Amino acid sequence: MSSPAEPRLGRPPLVLLVPGAVAALLLVVPMVTLVVDTPWGQFVDQLTSEAVGEALWLTALASMLTVVLCLLLGTPLAWLLARVAFPGRSILRAAVLVPLVLPPVVAGVALVTALGRTGAVGRPLDAMFGLTIPYTTTAVVIAHTFVSMPFYVLSVEGALRSAGEEFDAVAATLGADRWTTFRRVTLPLALPGVIAGAALAWARSLGEFGATITFAGNYEGTTRTMPSLIYTLLQSDPQLARTVSMVLLVLSVAVLALLRNRWLTRP
Amino acid sequence: MSVLEIALSVPGRVTAAAVAEPGQVVAVIGPNGAGKSSLLRAVAGLVAAEGELRVDGRSWSGLAVRERSVGMAFQDQLLFPHLTALDNVAFGLRTAGAPRDRARRAAQEWLDRFGVGDLARRKPRQLSGGQAQRVSIARALATGPHVLLLDEPFSGLDVGIAATLRVELARHLASYDGVTLLVTHDAIDALTLADVVWVLDEGRLVQVGPPREVAAQPLTRHVARLVGLNVLADGDRLLSFSPSAVTVSPAEPAGSARHRWPGTVTSLAPHGDAVRLLVSGKHELLADVTPAAVADLALAPGQRVWLSVKETAVRSYPAAPGPPGPQGRDR
Numbered sequence: 001m002s003s004p005a006e007p008r009l010g011r012p013p014l015v016l017l018v019p020g021a022v023a024a025l026l027l028v029v030p031m032v033t034l035v036v037d038t039p040w041g042q043f044v045d046q047l048t049s050e051a052v053g054e055a056l057w058l059t060a061l062a063s064m065l066t067v068v069l070c071l072l073l074g075t076p077l078a079w080l081l082a083r084v085a086f087p088g089r090s091i092l093r094a095a096v097l098v099p100l101v102l103p104p105v106v107a108g109v110a111l112v113t114a115l116g117r118t119g120a121v122g123r124p125l126d127a128m129f130g131l132t133i134p135y136t137t138t139a140v141v142i143a144h145t146f147v148s149m150p151f152y153v154l155s156v157e158g159a160l161r162s163a164g165e166e167f168d169a170v171a172a173t174l175g176a177d178r179w180t181t182f183r184r185v186t187l188p189l190a191l192p193g194v195i196a197g198a199a200l201a202w203a204r205s206l207g208e209f210g211a212t213i214t215f216a217g218n219y220e221g222t223t224r225t226m227p228s229l230i231y232t233l234l235q236s237d238p239q240l241a242r243t244v245s246m247v248l249l250v251l252s253v254a255v256l257a258l259l260r261n262r263w264l265t266r267p
Numbered sequence: 001m002s003v004l005e006i007a008l009s010v011p012g013r014v015t016a017a018a019v020a021e022p023g024q025v026v027a028v029i030g031p032n033g034a035g036k037s038s039l040l041r042a043v044a045g046l047v048a049a050e051g052e053l054r055v056d057g058r059s060w061s062g063l064a065v066r067e068r069s070v071g072m073a074f075q076d077q078l079l080f081p082h083l084t085a086l087d088n089v090a091f092g093l094r095t096a097g098a099p100r101d102r103a104r105r106a107a108q109e110w111l112d113r114f115g116v117g118d119l120a121r122r123k124p125r126q127l128s129g130g131q132a133q134r135v136s137i138a139r140a141l142a143t144g145p146h147v148l149l150l151d152e153p154f155s156g157l158d159v160g161i162a163a164t165l166r167v168e169l170a171r172h173l174a175s176y177d178g179v180t181l182l183v184t185h186d187a188i189d190a191l192t193l194a195d196v197v198w199v200l201d202e203g204r205l206v207q208v209g210p211p212r213e214v215a216a217q218p219l220t221r222h223v224a225r226l227v228g229l230n231v232l233a234d235g236d237r238l239l240s241f242s243p244s245a246v247t248v249s250p251a252e253p254a255g256s257a258r259h260r261w262p263g264t265v266t267s268l269a270p271h272g273d274a275v276r277l278l279v280s281g282k283h284e285l286l287a288d289v290t291p292a293a294v295a296d297l298a299l300a301p302g303q304r305v306w307l308s309v310k311e312t313a314v315r316s317y318p319a320a321p322g323p324p325g326p327q328g329r330d331r
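Protein chains in written order, with our numbering: chain A, 1 to 267; chain E, 1 to 331.
In case anyone wonders, no lab produced these hints; they're calculated from the structure.
Here the structure is a predicted model, which is why all the values come from computation and not from measurement.
Here a beta-carbon is modelled for each residue, glycine too, at the ideal position from N, C-alpha and C.
One or more of the hints may lead you astray.
[Said to hold, decoys possible] The calculated lysine to aspartate or glutamate pairs, modelled on EDC-like cross-linking and capped at a C-alpha distance of 20 angstroms, are: (1) K310(E) <-> E252(E); (2) K123(E) <-> E166(A); (3) K123(E) <-> D168(A); (4) K310(E) <-> D288(E); (5) K282(E) <-> D234(E); (6) K310(E) <-> D234(E).
[To be verified] Ranges of calculated distance between the beta carbons of each label pair, as one might list FRET restraints: (7) R171(E) <-> D177(A): 29 to 35 angstroms; (8) L16(A) <-> P301(E): 51 to 57 angstroms; (9) R83(A) <-> G209(E): 41 to 47 angstroms; (10) S162(A) <-> E213(E): 45 to 51 angstroms; (11) I161(E) <-> S90(A): 42 to 48 angstroms; (12) Q126(E) <-> A257(A): 26 to 32 angstroms; (13) G12(E) <-> L97(A): 30 to 36 angstroms; (14) G144(E) <-> A257(A): 49 to 55 angstroms; (15) D177(A) <-> G144(E): 17 to 23 angstroms; (16) L100(A) <-> S61(E): 43 to 49 angstroms; (17) T192(E) <-> S162(A): 35 to 41 angstroms.
Just chain A, with the same shape it has in the complex (with noise of 0.2 angstroms):
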């Protein structure tokens, strides 16, 4: 451990030392047991399993159709926070990304008091419709999109502001009206934020456990999730729940070295 500065500045003091490797120790300890604890020799059989394969695709659909509603839906708001002065754009702006702090049971609760078969949305849509969405696939992609999005929108309306209006007024000069500018200018030069906040909306989707088994239940194939798979595997099989997340640890980690080689180094 020989830095250059380290002679002419000193050692580091032991006040900074201990706890700086504490921190690091309690983050990195329960990751190298959980893959040491993991039973490899049955890995690729246990991950077979039909159970496992239900949880794991039901993951991957709900988690590819939030990216997509975020995307379809996030990047017009991100848009309007980022472009539009209209009434009450600031507390807009704070009341989008609340969810990213909301203890995320308390997310799938007030999921179920809008959308529940009683709440103010999923009553008329049960009563006009017949549509009911608690505890169904459609009701895990809901939760999903709610907590994912405001990283998305963060991320987007982050790179919309940097990408700066200056060119959209070239545009204008040019002929070009707003969705023409959006699409051929604005659009391409926020794309690292795009790409950077669907992979952390993605993310969030993956590991999204409180507010899904709140609002959509913990059903076997319909709403049943890999959270929610290794929650219920924990009380009857804790060696097939390490197996299961070990899956996301991998996944993850993919995720953060996407982020890192391709987005996040670039400002």
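Take the given structure of chain A and dock chain E to it, following the hints.
Leaving out everything else, chain E in the frame of chain A:
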């Protein structure tokens, strides 16, 4: 062919009324904060303005930016960083409805005309400042706008590159029949490129005239400094004279010179073959002396001297129109 009639006010920034004829190149000059860029942006529709703006008799006042026939080039070029030079120039043609191939062919011709045809495939970050500014002016001209707005297109470029680009631009503007508004900080731009100069000062249009006239009889201290003249108020008239016409002497000069002032040397700087003195007293004046005279008179900052000018070297002209005289402004 386009006539540009302006009677615009951007609240708190600039108020100006003027007319530019087809094919004219108008240099818009004035100190920082005079409202030059605001005037250009108001013509483009990028800032809200009150009043009237007509091009060929048609009112532009209610039109959105994209509905105005303008081409704009900016000091920092603002080329779309994700598009090649070719696609930057083709952008306006595409939005006007040209199919991709035709827009690209036309864009290539524009790049060729500006001598950057071989850089068509490059992204803006692979272009030098001078190359990027050529692409940006080509992009502004490619749509055939009625009004071309150039916002300090040579600022930030190397002196040599700016000089070359100035000559090229003069050639292109000669064959352009729309109105060009060129914001500039440089007297050379105004003198070499412009047919008319609009002088802005503190948000008002204070002088309009051919470049030679404005350079010879500047009404603002800013322009006087740009063209390197001394300008003094003398009642309701202004006196202008060249720094090289000023005689510097250690004591009050005997003789007939009516114009003489005591003062203190505040700075000396090389100016061509001469040394330019800045002398402050009742007025702040420039005087050019030979290096030999600097040695003979032992001139140094803080030295008390007398300045005098022969009557024949002084040009006298009315200070009106435009209330702001040169004294005590732009200091």
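**Prompt:** If you draw a straight line from the CA of K282(E) to the CA of D234(E), is it 20 angstroms or shorter?
**Reply:** holds (13 angstroms)
**Prompt:** Okay, G12(E) versus L97(A) on CB: inside 30 to 36 angstroms?
**Reply:** 34 angstroms Cβ-Cβ, so the 30 to 36 angstroms window holds.
**Request:** Go ahead and decide if the range 49 to 55 angstroms is satisfied by the Cβ distance of G144(E) to A257(A).
**Result:** holds (50 angstroms)
**Prompt:** Holds or violated: are the alpha carbons of K310(E) and D288(E) at most 20 angstroms from each other?
**Reply:** Between K310(E) and D288(E) the Cα gap is close to 15 angstroms, so the pair holds against 20 angstroms.
**Prompt:** Holds or violated: K123(E) with E166(A), Cα cutoff 20 angstroms?
**Reply:** Satisfied, since the Cα-Cα distance of roughly 18 angstroms is no more than 20 angstroms.
**Asked** Does the Cβ-Cβ separation between T192(E) and S162(A) fall within 35 to 41 angstroms?
**Response** holds (38 angstroms)
**Message:** A range of 42 to 48 angstroms was offered for this pair. Does it hold for the Cβ distance of I161(E) and S90(A)?
**Reply:** Given about 44 angstroms between the Cβ atoms, the range holds.
**Request:** Could you tell me whether the CB distance from D177(A) to G144(E) stays inside 17 to 23 angstroms?
**Result:** holds (19 angstroms)
**Message:** Does the beta carbon distance between L100(A) and S61(E) stay inside 43 to 49 angstroms, or does it fall outside?
**Reply:** holds (45 angstroms)
**Message:** Just to be sure I understand the hint, the distance between the Cβ atoms of S162(A) and E213(E) should be within 45 to 51 angstroms; is that true here?
**Reply:** Holds - the Cβ-Cβ distance for S162(A) and E213(E), about 47 angstroms, lies within 45 to 51 angstroms.
**Item:** Outcome for the supplied range 41 to 47 angstroms, where the beta carbon pair is R83(A) and G209(E)
**Value:** holds (42 angstroms)
**Prompt:** Within 20 angstroms, alpha carbon to alpha carbon, are K123(E) and D168(A)?
**Reply:** Distance ~18 angstroms between K123(E) and D168(A) Cα, so the pair holds.
In the structure shown, no violation is registered for any of the earlier numbered hints.
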